[in-house]
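S.K.: Turn these sequences into a full structure, and let the hints guide you.
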Amino acid sequence: MTDLRIGVAGLGLRKTLAVEAHRPGSGARVTTVCDPDPAVYDWARANFGDDVRTVADFDELLDADLDAVLVLTPDHTHIDLGVRALTAGVPTFMEKPLATTIGDCDTLLDTAHRTGTRLYVGHNMRHMPVIRTMREVIASGAIGEVEAVWCRHFVGHGGDFYYKDWHADRRNTTGLLLQKGAHDIDVIHWLAGASTRQVTAMGKLSVYNRVTDRQSAPGQRPDDWYAPDSNWPPLSQTGLHPVVDVEDLSMMLMRLDNGVQASYQQCHYTPDYWRNYTVIGTAGRLENFGDTGGNAVVRVWNSGRRGYDAEGDRTIEIPTATGGHGGADTALIDEFLRFVRDGGATDTSPVAARDSVAAGVAATESLRAGGTAREVAPVSEPLTSYFNSGQPSRTQNPSV
14 MTDLRIGVAG LGLRKTLAVE AHRPGSGARV TTVCDPDPAV YDWARANFGD
64 DVRTVADFDE LLDADLDAVL VLTPDHTHID LGVRALTAGV PTFMEKPLAT
114 TIGDCDTLLD TAHRTGTRLY VGHNMRHMPV IRTMREVIAS GAIGEVEAVW
164 CRHFVGHGGD FYYKDWHADR RNTTGLLLQK GAHDIDVIHW LAGASTRQVT
214 AMGKLSVYNR VTDRQSAPGQ RPDDWYAPDS NWPPLSQTGL HPVVDVEDLS
264 MMLMRLDNGV QASYQQCHYT PDYWRNYTVI GTAGRLENFG DTGGNAVVRV
314 WNSGRRGYDA EGDRTIEIPT ATGGHGGADT ALIDEFLRFV RDGGATDTSP
364 VAARDSVAAG VAATESLRAG GTAREVAPVS EPLTSYFNSG QPSRTQNPSV
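Residues in the sequence shown are numbered consecutively from 14, following my numbering.
Calculated directly from the structure, the hints in this document are not laboratory data. Check the hints yourself; a few may be wrong.
[What the hints assert, rightly or not] Here are the simulated DMTMM-like cross-link-like pairs (lysine to aspartate or glutamate), alpha carbons at most 25 Å apart as the crow flies:
hint: 1; residue 1: K217; residue 2: D258
hint: 2; residue 1: K217; residue 2: D285
hint: 3; residue 1: K217; residue 2: E388
hint: 4; residue 1: K217; residue 2: D182
hint: 5; residue 1: K217; residue 2: D173
hint: 6; residue 1: K217; residue 2: E378
M.R.: What follows is the structure, encoded as C-alpha coordinates:
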(Lines of atoms letter the chains of each structure in order from A; the text may use other names.)
(Lines give C-alpha, C1' and ligand atoms only; values in the text may rest on other atoms or scores of the structure.)
Protein backbone atom coordinates (compact mmCIF):
# COMPACT_ATOMS: atom_id res chain seq x y z
CA MET A 14 0.00 0.00 0.00
CA THR A 15 1.43 3.34 -1.08
CA ASP A 16 1.76 5.87 1.73
CA LEU A 17 -0.65 8.79 1.67
CA ARG A 18 1.24 12.09 1.53
CA ILE A 19 0.11 14.15 4.50
CA GLY A 20 0.55 17.89 5.00
CA VAL A 21 0.27 19.50 8.41
CA ALA A 22 -0.71 23.11 9.17
CA GLY A 23 0.23 24.15 12.69
CA LEU A 24 2.68 22.51 15.09
CA GLY A 25 1.18 23.70 18.36
CA LEU A 26 -0.56 21.80 21.14
CA ARG A 27 -2.11 19.21 18.80
CA LYS A 28 1.05 18.41 16.86
CA THR A 29 0.78 14.97 18.47
CA LEU A 30 -1.89 14.17 15.88
CA ALA A 31 0.68 14.76 13.15
CA VAL A 32 2.97 12.27 14.87
CA GLU A 33 0.08 9.77 14.91
CA ALA A 34 -0.38 10.30 11.15
CA HIS A 35 3.30 9.75 10.33
CA ARG A 36 3.44 6.04 9.53
CA PRO A 37 6.07 5.64 6.83
CA GLY A 38 5.73 2.29 5.14
CA SER A 39 2.42 1.65 6.90
CA GLY A 40 0.02 3.83 4.94
CA ALA A 41 0.86 7.47 5.55
CA ARG A 42 3.80 9.84 5.73
CA VAL A 43 4.00 13.48 6.76
CA THR A 44 5.80 15.08 3.82
CA THR A 45 5.24 18.82 4.37
CA VAL A 46 4.57 20.98 7.42
CA CYS A 47 3.47 24.60 7.54
CA ASP A 48 4.06 26.86 10.51
CA PRO A 49 4.99 30.56 10.58
CA ASP A 50 7.52 29.93 13.38
CA PRO A 51 10.85 28.52 12.08
CA ALA A 52 11.71 27.52 15.65
CA VAL A 53 9.57 24.38 15.26
CA TYR A 54 11.24 23.15 12.08
CA ASP A 55 13.93 21.25 13.98
CA TRP A 56 11.18 19.43 15.87
CA ALA A 57 9.52 18.59 12.55
CA ARG A 58 12.72 17.12 11.13
CA ALA A 59 13.33 15.13 14.32
CA ASN A 60 9.83 13.61 14.16
CA PHE A 61 9.20 13.31 10.41
CA GLY A 62 12.69 12.90 8.99
CA ASP A 63 15.29 15.20 7.49
CA ASP A 64 13.49 15.15 4.14
CA VAL A 65 10.27 16.71 5.46
CA ARG A 66 9.54 19.98 3.70
CA THR A 67 8.96 23.02 5.93
CA VAL A 68 7.06 26.08 4.73
CA ALA A 69 5.60 29.20 6.31
CA ASP A 70 2.88 29.84 3.72
CA PHE A 71 -0.33 27.78 3.57
CA ASP A 72 -0.59 28.07 -0.20
CA GLU A 73 2.85 26.45 -0.48
CA LEU A 74 1.55 23.60 1.64
CA LEU A 75 -1.47 23.10 -0.63
CA ASP A 76 0.82 23.11 -3.69
CA ALA A 77 2.98 20.31 -2.24
CA ASP A 78 1.23 17.41 -4.03
CA LEU A 79 -0.63 16.14 -0.97
CA ASP A 80 -3.23 13.44 -0.48
CA ALA A 81 -4.60 15.08 2.67
CA VAL A 82 -3.97 17.93 5.10
CA LEU A 83 -4.29 18.18 8.88
CA VAL A 84 -5.37 21.66 9.98
CA LEU A 85 -4.17 21.92 13.60
CA THR A 86 -4.09 25.71 13.85
CA PRO A 87 -5.89 28.05 16.29
CA ASP A 88 -9.67 27.99 16.05
CA HIS A 89 -10.19 31.39 14.46
CA THR A 90 -8.04 30.38 11.46
CA HIS A 91 -10.15 27.34 10.59
CA ILE A 92 -12.60 29.13 8.32
CA ASP A 93 -9.93 30.63 6.06
CA LEU A 94 -7.63 27.62 5.90
CA GLY A 95 -10.50 25.16 5.64
CA VAL A 96 -12.14 26.91 2.71
CA ARG A 97 -8.79 27.17 0.92
CA ALA A 98 -7.94 23.49 1.45
CA LEU A 99 -11.38 22.25 0.44
CA THR A 100 -11.46 24.52 -2.62
CA ALA A 101 -8.05 23.17 -3.61
CA GLY A 102 -9.53 19.66 -3.51
CA VAL A 103 -7.33 18.40 -0.67
CA PRO A 104 -9.13 16.06 1.79
CA THR A 105 -9.11 17.97 5.05
CA PHE A 106 -8.85 17.01 8.70
CA MET A 107 -10.06 19.95 10.77
CA GLU A 108 -9.22 19.90 14.45
CA LYS A 109 -12.21 20.60 16.67
CA PRO A 110 -14.03 22.86 17.00
CA LEU A 111 -14.90 23.08 13.33
CA ALA A 112 -15.01 26.90 13.57
CA THR A 113 -15.89 29.64 16.05
CA THR A 114 -19.23 30.78 14.60
CA ILE A 115 -22.27 28.98 13.25
CA GLY A 116 -21.99 30.85 9.96
CA ASP A 117 -18.37 29.79 9.48
CA CYS A 118 -19.28 26.17 10.20
CA ASP A 119 -22.05 26.31 7.61
CA THR A 120 -19.66 27.85 5.08
CA LEU A 121 -17.23 24.97 5.58
CA LEU A 122 -20.01 22.41 5.14
CA ASP A 123 -21.25 24.19 2.02
CA THR A 124 -17.73 24.34 0.58
CA ALA A 125 -17.08 20.65 1.21
CA HIS A 126 -20.39 19.75 -0.42
CA ARG A 127 -19.96 22.11 -3.37
CA THR A 128 -16.44 20.93 -4.16
CA GLY A 129 -16.94 17.28 -3.25
CA THR A 130 -13.76 17.42 -1.15
CA ARG A 131 -13.77 15.12 1.85
CA LEU A 132 -14.04 16.88 5.23
CA TYR A 133 -13.31 15.21 8.55
CA VAL A 134 -13.49 16.86 12.00
CA GLY A 135 -11.28 15.69 14.84
CA HIS A 136 -13.80 14.90 17.56
CA ASN A 137 -11.55 12.29 19.12
CA MET A 138 -13.80 11.67 22.12
CA ARG A 139 -16.04 9.56 19.90
CA HIS A 140 -13.10 7.15 19.89
CA MET A 141 -12.40 7.23 23.63
CA PRO A 142 -13.00 3.75 25.12
CA VAL A 143 -14.99 5.15 28.04
CA ILE A 144 -17.38 6.99 25.70
CA ARG A 145 -17.75 4.01 23.39
CA THR A 146 -18.47 1.80 26.40
CA MET A 147 -21.25 4.10 27.57
CA ARG A 148 -22.70 4.19 24.08
CA GLU A 149 -22.65 0.36 23.91
CA VAL A 150 -24.43 0.09 27.25
CA ILE A 151 -27.11 2.51 26.03
CA ALA A 152 -27.49 0.63 22.73
CA SER A 153 -27.93 -2.64 24.63
CA GLY A 154 -31.06 -1.29 26.29
CA ALA A 155 -29.62 -1.72 29.78
CA ILE A 156 -30.95 1.64 31.00
CA GLY A 157 -34.00 1.89 28.74
CA GLU A 158 -34.71 4.99 26.67
CA VAL A 159 -32.37 7.91 27.34
CA GLU A 160 -34.15 10.87 28.91
CA ALA A 161 -31.34 12.94 30.46
CA VAL A 162 -27.58 13.41 30.08
CA TRP A 163 -25.47 15.36 32.59
CA CYS A 164 -21.78 16.19 32.25
CA ARG A 165 -19.48 17.82 34.79
CA HIS A 166 -16.08 18.78 33.41
CA PHE A 167 -13.34 19.47 35.92
CA VAL A 168 -10.62 21.24 33.92
CA GLY A 169 -7.77 21.08 36.43
CA HIS A 170 -5.14 22.33 33.99
CA GLY A 171 -7.29 25.17 32.69
CA GLY A 172 -4.91 27.92 33.76
CA ASP A 173 -2.04 26.32 31.84
CA PHE A 174 -3.91 25.14 28.78
CA TYR A 175 -6.35 27.98 28.15
CA TYR A 176 -5.23 31.21 29.79
CA LYS A 177 -1.64 31.61 28.59
CA ASP A 178 -2.14 31.73 24.83
CA TRP A 179 -4.73 32.61 22.20
CA HIS A 180 -7.49 30.60 23.96
CA ALA A 181 -7.89 33.35 26.58
CA ASP A 182 -9.07 35.92 24.03
CA ARG A 183 -12.69 35.51 22.96
CA ARG A 184 -11.88 36.94 19.53
CA ASN A 185 -10.07 33.66 18.83
CA THR A 186 -12.50 31.20 20.41
CA THR A 187 -15.89 32.86 21.04
CA GLY A 188 -15.53 31.29 24.50
CA LEU A 189 -14.43 28.14 26.29
CA LEU A 190 -17.99 26.91 26.53
CA LEU A 191 -17.55 26.45 22.78
CA GLN A 192 -13.80 25.79 22.47
CA LYS A 193 -13.47 23.28 25.29
CA GLY A 194 -17.12 22.37 25.54
CA ALA A 195 -17.46 21.33 21.88
CA HIS A 196 -15.99 17.94 22.84
CA ASP A 197 -18.52 17.23 25.56
CA ILE A 198 -21.50 18.76 23.78
CA ASP A 199 -20.75 16.44 20.86
CA VAL A 200 -20.58 13.44 23.21
CA ILE A 201 -23.87 14.43 24.86
CA HIS A 202 -25.46 14.59 21.41
CA TRP A 203 -23.93 11.21 20.44
CA LEU A 204 -25.08 9.45 23.60
CA ALA A 205 -28.56 10.96 23.34
CA GLY A 206 -28.91 10.40 19.60
CA ALA A 207 -29.98 13.98 18.92
CA SER A 208 -28.78 17.59 18.71
CA THR A 209 -29.54 20.69 20.76
CA ARG A 210 -32.34 22.95 19.60
CA GLN A 211 -32.73 25.23 22.64
CA VAL A 212 -30.18 26.32 25.22
CA THR A 213 -29.76 28.60 28.20
CA ALA A 214 -26.59 29.24 30.20
CA MET A 215 -24.95 31.03 33.10
CA GLY A 216 -21.30 31.65 33.84
CA LYS A 217 -18.60 34.13 34.75
CA LEU A 218 -14.90 34.92 34.68
CA SER A 219 -14.22 34.40 38.36
CA VAL A 220 -10.53 33.58 38.98
CA TYR A 221 -8.13 34.23 36.12
CA ASN A 222 -9.21 37.84 35.72
CA ARG A 223 -7.70 38.36 39.20
CA VAL A 224 -4.25 37.08 38.17
CA THR A 225 -2.15 40.18 37.49
CA ASP A 226 1.03 38.49 36.21
CA ARG A 227 0.59 38.73 32.42
CA GLN A 228 2.85 38.29 29.40
CA SER A 229 3.81 41.55 27.74
CA ALA A 230 3.21 39.86 24.39
CA PRO A 231 1.68 36.45 23.59
CA GLY A 232 3.38 33.81 21.51
CA GLN A 233 4.89 31.25 23.84
CA ARG A 234 4.26 27.61 23.06
CA PRO A 235 2.88 25.14 25.63
CA ASP A 236 6.22 23.37 26.00
CA ASP A 237 7.59 26.59 27.47
CA TRP A 238 5.09 26.99 30.29
CA TYR A 239 2.96 23.89 30.85
CA ALA A 240 3.59 22.77 34.45
CA PRO A 241 0.69 20.63 35.74
CA ASP A 242 2.44 19.82 39.03
CA SER A 243 2.85 23.47 40.03
CA ASN A 244 0.81 26.67 39.61
CA TRP A 245 -1.39 25.87 42.57
CA PRO A 246 -3.59 27.41 43.84
CA PRO A 247 -4.99 28.94 40.67
CA LEU A 248 -4.50 32.52 41.81
CA SER A 249 -0.74 31.83 41.94
CA GLN A 250 -0.60 31.43 38.16
CA THR A 251 1.97 33.52 36.29
CA GLY A 252 2.45 34.62 32.70
CA LEU A 253 -1.17 34.69 31.61
CA HIS A 254 -2.14 36.03 28.21
CA PRO A 255 -2.42 39.84 28.13
CA VAL A 256 -6.10 39.49 27.16
CA VAL A 257 -8.20 37.30 29.46
CA ASP A 258 -11.91 37.66 28.72
CA VAL A 259 -13.32 34.13 28.43
CA GLU A 260 -15.36 32.66 31.27
CA ASP A 261 -13.63 30.13 33.55
CA LEU A 262 -16.89 28.86 35.09
CA SER A 263 -19.96 28.04 32.99
CA MET A 264 -23.13 25.98 33.03
CA MET A 265 -25.61 25.27 30.27
CA LEU A 266 -28.97 23.53 29.89
CA MET A 267 -30.02 21.96 26.60
CA ARG A 268 -33.22 20.69 25.06
CA LEU A 269 -32.48 18.23 22.25
CA ASP A 270 -34.63 17.62 19.19
CA ASN A 271 -35.76 14.18 20.41
CA GLY A 272 -36.93 15.54 23.77
CA VAL A 273 -33.86 14.55 25.79
CA GLN A 274 -32.75 17.22 28.25
CA ALA A 275 -29.09 17.72 29.12
CA SER A 276 -26.72 19.82 31.17
CA TYR A 277 -23.03 20.66 30.93
CA GLN A 278 -20.88 22.30 33.60
CA GLN A 279 -17.27 23.39 33.11
CA CYS A 280 -14.76 24.81 35.61
CA HIS A 281 -11.15 25.71 34.76
CA TYR A 282 -9.65 25.90 38.25
CA THR A 283 -10.48 22.59 39.90
CA PRO A 284 -7.66 20.56 41.49
CA ASP A 285 -8.53 17.48 39.39
CA TYR A 286 -8.83 17.05 35.61
CA TRP A 287 -11.49 14.68 34.25
CA ARG A 288 -15.09 14.63 33.11
CA ASN A 289 -18.05 12.78 34.59
CA TYR A 290 -21.12 11.77 32.57
CA THR A 291 -24.42 10.58 33.97
CA VAL A 292 -26.98 9.15 31.56
CA ILE A 293 -30.46 8.47 32.91
CA GLY A 294 -32.93 6.28 31.07
CA THR A 295 -36.41 4.87 31.65
CA ALA A 296 -34.94 1.68 33.16
CA GLY A 297 -31.75 2.75 34.91
CA ARG A 298 -28.71 4.98 34.72
CA LEU A 299 -24.98 4.84 34.06
CA GLU A 300 -22.04 6.95 35.16
CA ASN A 301 -18.31 7.01 34.45
CA PHE A 302 -15.57 7.48 37.03
CA GLY A 303 -12.27 8.40 35.41
CA ASP A 304 -12.15 8.88 31.66
CA THR A 305 -8.93 7.68 30.02
CA GLY A 306 -8.39 4.08 31.13
CA GLY A 307 -6.24 2.55 33.79
CA ASN A 308 -8.54 3.27 36.73
CA ALA A 309 -11.59 4.36 34.73
CA VAL A 310 -14.87 2.47 35.04
CA VAL A 311 -18.48 2.75 33.90
CA ARG A 312 -21.06 1.75 36.48
CA VAL A 313 -24.69 0.82 35.78
CA TRP A 314 -27.66 0.93 38.16
CA ASN A 315 -30.70 -0.88 36.75
CA SER A 316 -31.92 -3.70 39.04
CA GLY A 317 -34.32 -1.73 41.21
CA ARG A 318 -34.75 1.01 43.79
CA ARG A 319 -32.36 1.53 46.68
CA GLY A 320 -30.60 4.16 48.75
CA TYR A 321 -27.00 5.23 48.32
CA ASP A 322 -25.07 2.58 46.37
CA ALA A 323 -21.57 3.50 45.20
CA GLU A 324 -20.95 0.28 43.27
CA GLY A 325 -24.14 -0.18 41.26
CA ASP A 326 -25.29 -3.40 39.63
CA ARG A 327 -22.53 -3.67 37.04
CA THR A 328 -19.01 -2.26 36.76
CA ILE A 329 -17.22 -2.17 33.42
CA GLU A 330 -13.48 -1.54 33.61
CA ILE A 331 -11.99 0.61 30.83
CA PRO A 332 -8.71 -0.87 29.57
CA THR A 333 -5.57 1.19 29.29
CA ALA A 334 -4.59 1.96 25.69
CA THR A 335 -1.51 3.52 24.15
CA GLY A 336 -1.73 6.88 22.42
CA GLY A 337 -3.21 10.22 23.42
CA HIS A 338 -6.59 10.52 25.15
CA GLY A 339 -6.74 6.85 26.12
CA GLY A 340 -5.97 5.64 22.60
CA ALA A 341 -8.58 7.88 21.01
CA ASP A 342 -6.07 9.92 18.99
CA THR A 343 -4.68 6.79 17.32
CA ALA A 344 -8.17 5.55 16.46
CA LEU A 345 -9.14 9.00 15.20
CA ILE A 346 -6.23 9.13 12.77
CA ASP A 347 -6.88 5.50 11.76
CA GLU A 348 -10.40 6.49 10.74
CA PHE A 349 -9.31 9.66 8.96
CA LEU A 350 -6.68 7.85 6.86
CA ARG A 351 -9.19 5.15 5.95
CA PHE A 352 -11.71 7.85 5.02
CA VAL A 353 -9.18 9.63 2.79
CA ARG A 354 -8.31 6.40 1.03
CA ASP A 355 -11.70 4.71 0.78
CA GLY A 356 -14.42 7.17 1.77
CA GLY A 357 -17.57 5.93 3.45
CA ALA A 358 -19.25 6.47 6.79
CA THR A 359 -17.27 7.59 9.85
CA ASP A 360 -18.04 7.72 13.56
CA THR A 361 -17.27 11.43 13.56
CA SER A 362 -19.58 13.74 11.66
CA PRO A 363 -19.14 17.23 10.15
CA VAL A 364 -22.82 17.92 10.80
CA ALA A 365 -22.50 16.85 14.42
CA ALA A 366 -19.35 18.97 14.70
CA ARG A 367 -21.30 21.98 13.46
CA ASP A 368 -24.14 21.19 15.87
CA SER A 369 -21.77 21.12 18.86
CA VAL A 370 -20.39 24.52 17.84
CA ALA A 371 -23.91 25.87 17.32
CA ALA A 372 -24.95 24.80 20.81
CA GLY A 373 -21.77 26.29 22.29
CA VAL A 374 -22.25 29.58 20.46
CA ALA A 375 -25.89 29.84 21.50
CA ALA A 376 -24.99 29.00 25.10
CA THR A 377 -22.28 31.65 25.14
CA GLU A 378 -24.72 34.22 23.80
CA SER A 379 -27.22 33.21 26.47
CA LEU A 380 -24.60 33.38 29.22
CA ARG A 381 -23.56 36.90 28.22
CA ALA A 382 -27.19 38.05 27.96
CA GLY A 383 -28.22 37.04 31.46
CA GLY A 384 -29.34 33.49 30.70
CA THR A 385 -32.03 34.19 28.14
CA ALA A 386 -32.97 31.17 26.04
CA ARG A 387 -31.55 30.75 22.54
CA GLU A 388 -32.85 28.63 19.68
CA VAL A 389 -30.42 26.56 17.56
CA ALA A 390 -31.34 26.00 13.91
CA PRO A 391 -30.43 22.66 12.29
CA VAL A 392 -28.33 22.07 9.19
CA SER A 393 -30.38 21.86 5.98
CA GLU A 394 -31.71 18.42 5.13
CA PRO A 395 -29.80 18.09 1.82
CA LEU A 396 -26.47 18.80 3.57
CA THR A 397 -27.35 16.51 6.47
CA SER A 398 -28.14 13.68 4.05
CA TYR A 399 -24.94 14.27 2.11
CA PHE A 400 -22.66 14.08 5.14
CA ASN A 401 -24.60 11.32 6.87
CA SER A 402 -24.24 9.17 3.75
CA GLY A 403 -20.45 9.41 3.90
CA GLN A 404 -19.93 12.33 1.48
CA PRO A 405 -20.54 10.35 -1.74
CA SER A 406 -18.91 11.34 -4.98
CA ARG A 407 -20.43 14.15 -7.01
CA THR A 408 -21.86 11.76 -9.58
CA GLN A 409 -23.81 10.07 -6.78
CA ASN A 410 -24.88 13.30 -5.13
CA PRO A 411 -25.97 16.08 -7.53
CA SER A 412 -25.49 19.64 -6.39
CA VAL A 413 -28.10 21.07 -4.07
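S.K.: Could you work out which of the previously given hints the structure breaks and list their numbers from low to high?
M.R.: Hints that this structure does not satisfy do not exist here, as all of them hold.
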